[in-house]
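Asker: Residue numbers (our numbering), protein chains in the order written: chain Z, 1 to 458; chain F, 1 to 396; chain U, 1 to 388.
Any given hint could be a false lead.
[As the list claims (entries may be wrong)] List of simulated lysine-lysine pairs, DSBU-like, C-alpha gap at most 30 Å:
1. Z:LYS27 with U:LYS140
2. F:LYS318 with U:LYS56
3. F:LYS163 with Z:LYS299
4. Z:LYS196 with U:LYS174
5. U:LYS125 with Z:LYS196
6. Z:LYS197 with U:LYS125
7. U:LYS5 with Z:LYS196
8. Z:LYS7 with F:LYS11
9. Z:LYS196 with U:LYS192
10. F:LYS230 with Z:LYS104
11. U:LYS174 with Z:LYS194
12. U:LYS25 with F:LYS240
13. Z:LYS7 with F:LYS240
14. Z:LYS7 with F:LYS169
15. F:LYS373 with F:LYS169
16. Z:LYS7 with F:LYS10
17. Z:LYS197 with U:LYS6
18. Z:LYS299 with F:LYS158
19. Z:LYS194 with U:LYS6
20. U:LYS174 with Z:LYS197
21. U:LYS140 with Z:LYS32
22. U:LYS140 with Z:LYS196
23. F:LYS240 with U:LYS56
24. Z:LYS7 with F:LYS163
25. Z:LYS194 with U:LYS5
Quick caveat, the hints were computed from the structure, so don't treat them as lab data.
Spelled out from the first residue to the last, the chains are:
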Amino acid sequence: MSLDYSKELTLVQGNMTMADLDNAIAKPMDTKPNKNYFIALAFTSSLLLLGVIAVSLTFYYGIGEWGNNQPVGWAFDITNFVFWVGIAHAGTLISAILYLLRQKWRTAISRFSEAMTIFAVICAGIFPIIHTGRPWLAGYLIPYPNAMQLWPNFVSPLVWDVFAVSTYFIVSLLFWYVGLIPDFATLRDRTVSKIKKFIYSLFSLGWRHSNRDWRHYEKVYMILAGLATPLVLSVHTVVSFDFATSVLPGWHSTIFPPYFVAGAIFSGFAMVVTALVFMRKVFSLENIITMDHLDRMNKIILLTGSMVGYAYLMEFFISWYSGVPTEQYVAINRAFGPYAWGYWVMVSCNSIFPQLFWFRRFRRSIPVMFIVVVLVNVGMWFERFIIIVTSLHRDFLPSSWGMFYPTWVDFSILFGSFGLFFTLVLLFTRTLPVVTMSEIKGVVEGAQPSHYEGDHNA
Amino acid sequence: MSKIESGYNKKSLPNSVSKIGGTLLAIGLLLGIAGFLVDSYRASYAYLVSFIFFLSIAVGSLFLVALEYAANADWSTPFRRISEFFAASLPLLLILVVPLFFNTSNLFLWSHAGYVHGDKMLEAKSAYLNTPFFMVRVIAIILLWLFFYWMITKNSRKQDETKDQVLTKRNITLSVIFIPVFAITITLTAIDWIMSLESKWFSTIFGVYLFAGVVWCSLAALTFSAIKLKENGYLHSAIKEDHYYSLGTLMFAFTAFWGYIAFSQYMLVWYGNLPEETFWFMQRWDGGWKFVSILLIITHFIVPFFGLLSYEAKTNVKRLKFMSVWILCVHFLDMYWLIMPGMSRNNHAYSFSWIDFVFPLVFIGILILVFNKMAEKFNLVPVGDPKLQRGLNFHL
Amino acid sequence: MPDNKKLHSVAALFNSVDEIISAAKKTTAAGYKKFDVNTPYPVHGMDRAMGMGQSKIGFVTLFFGLFGAAFIFLFMWWSFAVSYNIVVGGKPFLAVPAFIPITFETTVLFAAIATVVGMLAVYFKLPNNSHPLHDTDYMKAVSGDKFGLVIEAEDKQFDKAKVIEFLKGLGAYKIEDIYYPEQEKFRMFEPKFLLFLAIVAVATSGLTYVTLNKLMYITPFDWMDFQSKLTAQKGSNMFANHEGMRPPVEGTVARGFIPYPYKGQPMPVEVLSNPTIPTKQILELGKGKFLTFCSPCHGNFGEGESRLRGQFPVGPTLHSDKIINYPDGMIYHIITNGQNAMPSYAPQITRHERWAIVDYIRVLQRAQNAKESDLKAVNKESVSNVQN
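The task is simple: from the sequences and hints, build the whole structure.
Answerer: Structure follows, in structure tokens:
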């Protein structure tokens, strides 16, 4: 392998021109889907249906259908919530933080991962509402002058969650839509179908690619990235506050905010890679979403996975260092208690397997990468499960010790959320451009003027 | 490639630099020795504050160098030597740590066998907090840093002559290994030198807190020197406001990051309200310390945040110079706020003393002298780096 | 070209990005003001080439961000510390650290929405799907991979022939005239539109009906409201006497409850002695309870002239010699036990309050039969108050 560090890597391979890019990206929208697509859609929507049935049962009979009990009052519900909120972090990270860091390779994957963000927030939003047991009362979480003359408890981290997750959803949606406007305009001018043209015109708002608009547009994109960056960190921070503001050993730990954020990015990237591996193949976008992209994504997975590993170590060390017996007990109980199997699944999937990505060979091998990212997703789900259940199941008094056993309804809701997520992803790939056309065209070779800064005399 | 050679000529720094450094060091040394003679208890704490401040810049700069390699960043390549020169002070840590080793009994309650005996919490952690193991840890950590410093800078300097790209590749490998090493060592440094001053306090985020401050102040040192050197023609002429903008953005980002970490730590302790954690903050909210704490929030977060928020601020050379000096001062204040309250454990009324402000002179003097020495020997711009041209062409 | 159409602009297309940059620079230099460049993606350096500075939209973000922060912080303070105090986890009502997360989120929310809405609606004046550039070949080209420059007819220097000449000189490969679109007439009574209106009307009213009359009255699962447990005052077949509640065991007394020893005796031989001292606080309490419970029959000053106007037996005056000479315990007994038409007030008034009422009745009696010396004492007090 010989790398030339004096040159930047080319982002789009295969000598694609701008017209080629437009055609390649718009192809899924211009053609009819094949049989495999419908098979996939049938599979995911069946999962979704299973979830809908399980949620309906929960609504009808109450959350007694779940395995939750005393002392384990939070289990699959909150685990799934934290899991999906975590998945939702990759999109904004790619579109906002990498934008601010001027990582141009993000252009090829930003649209797709932002879409995944929005779908993951939708999946996440379901869980806190159904876990209240009385979802029709959720409106009281919004501060409005209601008949009870009561305001939400602004000191409660659960109310912070409402603000954080809904703000995150709205801002992600705005960010996504702002990025879509020029693409809608391009699609509008490409299409020959009248109905499509009407829809695209509606959503493009009459965008004209005018440079007088681009000027503000770029600034706004920058500002939104600047706003979304602390926002994305704050969302998982607030989620971590749900646990860390309590005084429960194993939950009350000051490292939780950055630890949760790192874990969120980690799991989000893993989910994006999982989907990209298929997407680039199915839609023949290998020249746009290249191996270099996956390589870089895997590096970030390695980095965040190691950060999560650092947090595991710190938690374990400080629980011993603190000299507090309950803290020490929880740490030991996690690693060697009745849920030890889950703990070691989490440690191995999150901190050990990703270490394979130290080697370039594995970072660039599709099968290895696919197995590792799927394991990371499993591991991150278990991480939340372990944090929640092991801290709860053995209370301070041994008389209030118990175990959590999930029911089939628990599992069905979990699988149903995957069904919802992938159904939305599948529908998205056929209805909207999966790569940001206006951005990817700007990073093709020769897309920018050959000399413009400081060379006014030339 | 002609652009590189035309834009940079190696020059030694003016004599005034070594004079300033020497004067600061001489005055500081005299007053410092006087301080130790007058009140060795206070002087050991004051020395520790400055030592950690010095360590922050030295090892933080090495981290910035490693970060550039690991991230394959190009815009910072024209400045990389500045960070390398700051990191050149690392070997001196081995000497500078000696006065602290002689004063462990002044600093650490856990080093008193009589105090630990009978205290269950301290006895439980005495396997970690004991003088021999402490010294071994400290020396081992410094040696680890030195190893990476020597390896990385050796390759970087060799490249000035050979222009060999393999050296960049080697440095990338070294840097990627250094980053996790740095994460763990800086955490241990934070626990050993600062957290254990109040031996019963614990906070899992503490290492990250110090990390945020360390990178922040190293960036400030880099920004200040870069602008000053560029203004006087010691750096490459193609460095422009886009580069400063990136430095300003990083300083801004770490301002926000520090604010985030500091808030998380405080909020969780405040919310949990457990006596085994709150006493640390209570001590820093007691009497006059309250004003120092409030001052820290304003100077460490609010002022730099709004001072570096706009595009204009990040490209304004004067503002950047002011803010980077400000940041260096505030990082010192942060270290002061972390370390000094540990001193008043015997319920002494706390007051400032001249001894507290003597030792920064020593350490800043050393940084300047080492920097000057390095600038005499080596190029201030890594002329053989393959990424340099890319870095000079950098635009927003 | 049809003459009835109004010319909007002349548009030129270019092939490469370097051409469009130099074209923009030259157009600026030539003094054209109302011109625009259309590119499929933002081109670096174009702002400078067109002679435009940094966008100032950041101030919108800053203003609305700060506004959002101030608004939500004050709102939380008001709702939590002023409107309805709730003690949560021992936190203060103005719990600044706990307000920061929501303040931050709202700052971002306000700033982001204001920025995007401001950009689209105010800066871009969108939606605008009837702009003359739409549906032209020019637009289709710049939407794909070409770069375009338009000079509008409204520009002061505009002269069609000269502009075309100028654009050709810049190296444009294609030049196109852009006309305003013909105004379409909107027909109100077109059957399609009427049908659309009718469908919307039926759908809206149907949805409203279902929401207000059906959806709002669906009972969520309510098994917790109807549990198979014994409730107070309800019968049960579990016990022989079919009562849901159980009487207390014979001879037991509830904790903290001392039974009244003279219960049911019309004129007890001996009574309790008053345990209270008539402090100001006690008298205020007694006054309040007296006005609530006693005054409807006995009158506001205990003179027996009630507000009931004969609809109920008039209570006797409390200023009779008999009552003045009663011991405190006797008045207490009457309140507790009732007398003649007066029922027992024990369930409504606590023991302490009953004694307070007794004390207050004593005050009323003394005020009604004030002596010269009392008056002097009061005067002295008020004079000294004035002097002070």
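Asker: If a hint holds in the structure, say so; if it does not, say that too.
Answerer: Quick rundown of the hints versus the structure:
no., hint, verdict
1, Z:LYS27 with U:LYS140, "holds, 18 Å"
2, F:LYS318 with U:LYS56, "holds, 22 Å"
3, F:LYS163 with Z:LYS299, "holds, 27 Å"
4, Z:LYS196 with U:LYS174, "holds, 28 Å"
5, U:LYS125 with Z:LYS196, "holds, 23 Å"
6, Z:LYS197 with U:LYS125, "holds, 21 Å"
7, U:LYS5 with Z:LYS196, "holds, 28 Å"
8, Z:LYS7 with F:LYS11, "holds, 29 Å"
9, Z:LYS196 with U:LYS192, "holds, 21 Å"
10, F:LYS230 with Z:LYS104, "holds, 28 Å"
11, U:LYS174 with Z:LYS194, "holds, 27 Å"
12, U:LYS25 with F:LYS240, "holds, 23 Å"
13, Z:LYS7 with F:LYS240, "holds, 20 Å"
14, Z:LYS7 with F:LYS169, "holds, 14 Å"
15, F:LYS373 with F:LYS169, "holds, 28 Å"
16, Z:LYS7 with F:LYS10, "holds, 26 Å"
17, Z:LYS197 with U:LYS6, "holds, 26 Å"
18, Z:LYS299 with F:LYS158, "holds, 28 Å"
19, Z:LYS194 with U:LYS6, "holds, 27 Å"
20, U:LYS174 with Z:LYS197, "holds, 25 Å"
21, U:LYS140 with Z:LYS32, "holds, 24 Å"
22, U:LYS140 with Z:LYS196, "holds, 15 Å"
23, F:LYS240 with U:LYS56, "holds, 23 Å"
24, Z:LYS7 with F:LYS163, "holds, 15 Å"
25, Z:LYS194 with U:LYS5, "holds, 25 Å"
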